[in-house]
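Student: Take a look at the letters that make up each chain.
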Amino acid sequence: MKRKKIIRYVLLSLLLIGGTSAIYIYKEYNRTHKDTARLKPVYSLTATDLEKEFEGNETATTQKYADKVLRVEGIVKEVVKDDKGFYTVVLGDTLSMSSVRCSIDSLHSKDVMEVKKGTTLAVKGICSGFNADEMLGSDVILIRSVVDLKN
Amino acid sequence: MKNLFVMTIALLVAMTGMSQKFYTKNGQINFDATSPASPEKIEGINRSATCVVDTKSGNMQFAALMKGFAFERALMEEHFNENYVESDKYPKAEFKGEIKNSDKVDFTKDGNYTVKIKGKLTMHGESNDVETEAKISIQNGKIKATADLNVLLSDYKVSIPGLVADKVSKTVKISVSCLLEPLKS
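Line order of the protein sequences matches chains A and B. Note that the first sequence covers residues -16 to 134 in the working numbering. Note that the second sequence covers residues 9 to 193 in the working numbering.
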């Protein structure tokens, strides 16, 4: 009788562990990216300061900012819409080829449609690194970016 | 005054016509590792690749940050960066090569061409010779270029864990699409 009870408890425990694991795996597998608009920036800085920091020490700055949510404020040099309708907002010094290029999350495209060149804008995005190029100018790349509407 | 205006316009037109280098910073690269056994598409898209083409020499160059590849599922993107391409260690992918038959292309007027591209693709710290065909379309002084390339992950020492080996294709299809503008120096 006691043995049967133990077997029942073991089976129930296994079922519970199996069920919990299955739910966890399912949730983890289907996990989507968090909306950047809801994320708090880890660092907040200007486009020109961010650019300068990367130019000063690319390796250390990449380690500091890569994968982090940054809030970057700067002058809009350009708003680019590609042939598939995706937007990129380019921030920085208008006299320089180097910039902070922010790929806009398609869920938030409507927020950049009216953005004008020459205005000051704050953008939040995930830093994916620095693309250094002597000829084209070096760019800091932010992905899944959104306009910081709180300002 | 009128002459100066005419000369300035002529100079600008001549400079545009003489432009040898074309570039973009919004090149799109698709990375597709979907296999027939994949339960869904394994696809990452990078929309901030840089590309420069010298129309005189035919030389061309591509660069893309590995962390710039966005996947629909967060877990897929994490595995791509952490386990497969090791983006922290090898942050960039680069292609340096040339258009083999660029002399057949008239970059000064509208037209469509198929060209041969040959060069070295560097990814995950490994460089390999690659060759493919690209479609080039000249429109209003801009170049629209598209190309597909199949690469073996093993050539770039990207290893796939045994547990998901049949779910990820051993050959990855890389598709490039960009609109290049004249580079004003």
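Mixed in with the good hints there might be a few duds.
Capping the alpha-carbon separation at 30 Å, the derived lysine-lysine pairs in DSSO-like fashion look like this [said to hold, decoys possible]:
hint	chain 1	residue 1	chain 2	residue 2
1	A	K67	B	K181
2	B	K178	A	K67
3	B	K49	A	K64
4	B	K112	B	K124
Only some residues are given here: those of chain A computed to face chain B with a beta carbon under 8 Å [to be verified]:
hint	residue
5	K47
6	V63
7	I126
Source of the hints: derived by calculation from the structure; they are not laboratory data. We treat Cβ as the ideally placed atom computed from N, Cα and C, and that holds for glycine.
Student: Name the hints, by number, that the structure is in violation of.
Tutor: Per hint list: single violation, 5.
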